[in-house]
Amino acid sequence: MTNFMSQWVYTPVVKDHFMNPRNTLKENEQFEADGIGDVGSLACGDQMQVMIKVKDDKIADLRWLTYGCASAIASTSMMSEMALGLTLDEAYHLTPAMITEALGGLPEHKFHCSVLGDKALRAAIDDYLEKQGRENPFKKHVAKVICECKSVTDVQIEDL
Amino acid sequence: MEQHSIYLDNNATTAMHEDVIAAVHQANMLYGNASSMHMAGRQAALAIEESREALASLIDAEPSWIVFTSGASEANNTVFNIFKERIDLGSKRNRIITTTIEHPSIIETVKYMKQLGCKVDECPVDSTGLVDMEAMKNLLGDDVALVSVMLGNNETGTIQPVGEITELAHQVGAYVHTDATQAIGKIPVSMKELGVDYLSLSAHKFYGPKGIGALVVKTKAPYAPLVHGGHQEGGKRAGTYNTASIVGLGVAAKIALRDQPSECEKLWKLREMLRVGILERISNVVVNGNQEHCLPGTLDVSFPHAEGESILLYLDMEGIMVSTGSACASGSLEPSYVLLASGVDIELAHGSIRFSFGRYNTEEDVAYVLEKLPPIIKRLREMSTR
Amino acid sequence: MEQHSIYLDNNATTAMHEDVIAAVHQANMLYGNASSMHMAGRQAALAIEESREALASLIDAEPSWIVFTSGASEANNTVFNIFKERIDLGSKRNRIITTTIEHPSIIETVKYMKQLGCKVDECPVDSTGLVDMEAMKNLLGDDVALVSVMLGNNETGTIQPVGEITELAHQVGAYVHTDATQAIGKIPVSMKELGVDYLSLSAHKFYGPKGIGALVVKTKAPYAPLVHGGHQEGGKRAGTYNTASIVGLGVAAKIALRDQPSECEKLWKLREMLRVGILERISNVVVNGNQEHCLPGTLDVSFPHAEGESILLYLDMEGIMVSTGSACASGSLEPSYVLLASGVDIELAHGSIRFSFGRYNTEEDVAYVLEKLPPIIKRLREMSTR
Ligand SMILES: Cc1ncc(COP(=O)(O)O)c(C=O)c1O
Ligand SMILES: Cc1ncc(COP(=O)(O)O)c(C=O)c1O
Ligand code: FES
Ligand code: FES
Chain A
45 MTNFMSQWVY
55 TPVVKDHFMN
65 PRNTLKENEQ
75 FEADGIGDVG
85 SLACGDQMQV
95 MIKVKDDKIA
105 DLRWLTYGCA
115 SAIASTSMMS
125 EMALGLTLDE
135 AYHLTPAMIT
145 EALGGLPEHK
155 FHCSVLGDKA
165 LRAAIDDYLE
175 KQGRENPFKK
185 HVAKVICECK
195 SVTDVQIEDL
Chain B
25 MEQHSIYLDN
35 NATTAMHEDV
45 IAAVHQANML
55 YGNASSMHMA
65 GRQAALAIEE
75 SREALASLID
85 AEPSWIVFTS
95 GASEANNTVF
105 NIFKERIDLG
115 SKRNRIITTT
125 IEHPSIIETV
135 KYMKQLGCKV
145 DECPVDSTGL
155 VDMEAMKNLL
165 GDDVALVSVM
175 LGNNETGTIQ
185 PVGEITELAH
195 QVGAYVHTDA
205 TQAIGKIPVS
215 MKELGVDYLS
225 LSAHKFYGPK
235 GIGALVVKTK
245 APYAPLVHGG
255 HQEGGKRAGT
265 YNTASIVGLG
275 VAAKIALRDQ
285 PSECEKLWKL
295 REMLRVGILE
305 RISNVVVNGN
315 QEHCLPGTLD
325 VSFPHAEGES
335 ILLYLDMEGI
345 MVSTGSACAS
355 GSLEPSYVLL
365 ASGVDIELAH
375 GSIRFSFGRY
385 NTEEDVAYVL
395 EKLPPIIKRL
405 REMSTR
Chain C
25 MEQHSIYLDN
35 NATTAMHEDV
45 IAAVHQANML
55 YGNASSMHMA
65 GRQAALAIEE
75 SREALASLID
85 AEPSWIVFTS
95 GASEANNTVF
105 NIFKERIDLG
115 SKRNRIITTT
125 IEHPSIIETV
135 KYMKQLGCKV
145 DECPVDSTGL
155 VDMEAMKNLL
165 GDDVALVSVM
175 LGNNETGTIQ
185 PVGEITELAH
195 QVGAYVHTDA
205 TQAIGKIPVS
215 MKELGVDYLS
225 LSAHKFYGPK
235 GIGALVVKTK
245 APYAPLVHGG
255 HQEGGKRAGT
265 YNTASIVGLG
275 VAAKIALRDQ
285 PSECEKLWKL
295 REMLRVGILE
305 RISNVVVNGN
315 QEHCLPGTLD
325 VSFPHAEGES
335 ILLYLDMEGI
345 MVSTGSACAS
355 GSLEPSYVLL
365 ASGVDIELAH
375 GSIRFSFGRY
385 NTEEDVAYVL
395 EKLPPIIKRL
405 REMSTR
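One line per chain: the protein sequences are A, B and C, in this order. Residue numbers for the first sequence, in the working numbering: 45 to 204. Residue numbers for the second sequence, in the working numbering: 25 to 410. Residue numbers for the third sequence, in the working numbering: 25 to 410.
The shape of chain A in the complex, shown without the other chains (with noise of 0.2 Å):
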């Protein structure tokens, strides 16, 4: 057995964002988000927040907190990777899909976890309108965000 870390459960990828998160909130750091999205509960055994500056309508930074797995905190760390500097537009449609296509795949059981992270975006981008008090153009198009770790569904995920 040579090459174990070839053997890891996830892929490369999944592995560097897992050991090295990007954009995760620092202990004592101060962050003054414009709109902040929470999905999950640590019932579920996820939680998710994530935190967003917006200028110019566009994702300007970008901070994430998780409870929760392996995959989790690797899908988390590539979408904040993924949505900075995105338009609001862009940022919203991202999907898991694509966040999982960035992280080289994601075993089929696990696939909800990069969901979770998206979503949140999502719920801060609407948090961020909101306090706006902009009309929300993005939202009638997406089911409500609440934690659905165990019904997400691939076809639900393809909805998305």
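Derived from the structure by calculation, the hints contain no laboratory data. Be aware that a few hints might be false.
Keeping only pairs whose Cα atoms sit at most 30 Å apart, straight-line, the calculated DSSO-like set for lysine-lysine is [what the hints assert, rightly or not]:
#1 Lys135/B to Lys244/C
#2 Lys116/B to Lys161/C
#3 Lys216/B to Lys290/B
#4 Lys116/C to Lys143/B
#5 Lys138/B to Lys161/C
#6 Lys161/C to Lys216/C
#7 Lys175/A to Lys102/A
#8 Lys135/B to Lys161/B
#9 Lys138/C to Lys143/B
#10 Lys59/A to Lys402/B
#11 Lys242/B to Lys138/C
#12 Lys138/C to Lys244/B
Covered by chain C, per the in silico footprint, the following chain B stretches (three or more residues, Cβ under 8 Å) [said to hold, decoys possible]:
#13 36-50
#14 224-237
We put the CB at the ideal spot given by N, CA and C, even for glycine.
The hints should help you fit chains B and C with the ligands onto chain A, whose structure is shown.
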């Protein structure tokens, strides 16, 4: 490349003892079918009977009670199938009692039987995972065919008062089964003293091979095979004798009998070192299970605000191998049903880590874990939603 | 002490190939629980998946169809249990067809199911042990859930037209199972070509370890576990993965795939040498089974006026290991049910000897048997009531 390899998942499975490996390797030459009358067959048969005796000595049973199976899962399924069949055939004793914290090979079998209309009651446990004896007494009655209570829990290590339960169950005329898989080799197990009618075990939990175990059945207890066919095991379990693995089980049984007292002491010491060390170094920690009636090498801990799988994988990166909840639940989103059944908060039930020691662990292993674990928990807690 | 050790009982079980022994020995170091996420677990899981692919190649199946079991007995029991359950749950297809010459792990399972009221028809065979196709056609109907016909018979070696039967069975919408245990490694076996939905096998029949085998199940065929519990084998068969034995099975599968054509040729040659030699040297001999559709290494012979067990034991004294009837029946007084089903006279069915060749046999072995066997038969016949 890997500098450390510290295996603390001995409740899932153990590494084979070197004497077992050597014996299995040797026994691979005993290729004859042990049911055959010719020389090769008789040699194999002799080796099997020697193992049967060694196992009988280990658990204080009669050799003739032993039915070798492919492991404890099959043994547990066999016991429940015996009573399912009797109930199907119209037995008046048509209720089974088990507990909420059994191994999946019982939990899932019970689910399946209930779907088919069988009456099964799961006796609750207290907050330390001990069977609620009042509830048990209330559940017992003369319609009960079987009571099945595990001896030591695989996740928390909690040891049940199986002897006491057996007495009560026998008073109402029920048969008793105990899944002793986790107890063998760690604490003394006497089938005769416990008084149970059926006992399951698996060799790979005490440094024997995987894929071999036994159902031990008292002579007068009802029996029906799960695997029908040839006359092996006195017609109780068909399939060509797995000679080499049975030999391995026998050698493991001899070692377990010899070393159990010293192993027990050693495992407890390591476990306590780790428990105390964790409590000293990490705040807000919950140790699960009963701390008095506990398998010596098992330490199950919940770390609020740090998720189980992440802890496991960060530890793995440091060469420390543990498990979250029960190994069977790995990769799934389920919180530990064992902890939930003990009334542990759902969040704590999600993030438990089981450290389980074995004969190859050392105090240095504990020191290394105590060095690596606290920063991992700290890091995950910082990352966690607050 | 023993000068000769000529093993001609390879249909009962084979000696492990040295490469298999080495691989198993190595794999005994892969002690981790293959369901665990940590390093030790992942290494074991990888080794298991490699074996799954090797086996899939050998039998021309998809790796995902393979469910590792403790052997063919368990695999056969699992298939019948799937349909027993469906019938119990009220399926309109409530009849099973099998044959009179199946292995005891099917014959006994059928007996048991019939006791419980299940409808099972045993299709008769002709005098050479081949399934009576007219009878089969008459038995088939749209109430048939499962047709189970073995590929090669363990006792006579007769090979059934499983592909043909499968076509007929599929026409009436029944699922098909074949017990291919004896055929693997000896003749080409393609699950896709045969078209069967289920296939059983056992590693120790093709130089792999005992106590490991597989049930191969097409994706859309009904399934229900016989052993409930953990999520191993995709929830199809609970029990800690038997890593070392699965690795051994995989290596045996690779060897079998590589060597099957040459083995087939060699085994047939040895078998024919022995058959012709016996017919030349011993009068009044009956060769059982179909001589055209026959497993290459199997020769089943009846010696009127010489009793089977006595022949076996006299041969054993000379270092020649064979079996009487089916190995499973050894130690019992029953005549061979396989021969009886083929309409063989009861006296002949009592005294049959099965010579079964394997890769380690040589022409010298045959010569030695041809030297030792005639005087033994002569002696017993002289002793015999006439
Ligand atoms: C308590 C208990 N029972 C039964 C089993 C099943 O043993 P096996 O996987 O060897 O069938 C295990 C371990 O997996 C166990 O810990
Ligand atoms: C045709 C056939 N089926 C099934 C089996 C059962 O295999 P095992 O004893 O490995 O379970 C055997 C051999 O014993 C056999 O010859
Ligand atoms: S976040 Fe729920 S398992 Fe990954
Ligand atoms: S005389 Fe011995 S078996 Fe019949």
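Would you mind confirming whether the straight-line C-alpha gap from Lys135/B to Lys244/C stays at or under 30 Å? holds (24 Å)
For the pair we were handed, Lys135/B and Lys161/B, check the Cα-Cα distance against 30 Å. holds (23 Å)
Would the hint linking Lys242/B and Lys138/C be met if the CA-CA limit is 30 Å? holds (28 Å)
Hinted pair, alpha-carbon criterion (30 Å max): Lys175/A, Lys102/A. Please report holds or violated. holds (16 Å)
Do the alpha carbons of Lys116/C and Lys143/B lie within 30 Å of each other, as the hint requires? holds (27 Å)
Cut-off 8 Å, C-beta pairs, minimum 3 residues; does the coverage of the segment 224-237 of chain B by chain C stand? It holds: at least three residues are needed, and the segment 224-237 of chain B offers 6 whose Cβ sits within less than 8 Å of chain C.
Please verify whether Lys116/B and Lys161/C have alpha carbons no more than 30 Å apart. Violated: Lys116/B and Lys161/C sit about 44 Å apart, past 30 Å.
Are the Cα atoms of Lys216/B and Lys290/B separated by 30 Å or less? holds (26 Å)
Given the hint that Lys59/A pairs with Lys402/B, test it: the Cα-Cα distance must not exceed 30 Å. holds (19 Å)
Starting from Lys161/C, check that the Cα of Lys216/C is at most 30 Å away, please. holds (23 Å)
With the threshold set at 30 Å, check whether the alpha-carbon distance from Lys138/C to Lys244/B stays at or below it. holds (26 Å)
Against the 30 Å threshold, does the CA-CA distance of Lys138/C and Lys143/B hold or violate the hint? Measuring from Cα to Cα gives roughly 25 Å; hence the hint holds.
When each numbered hint is compared with the structure, violations occur for hints 2 and 5.
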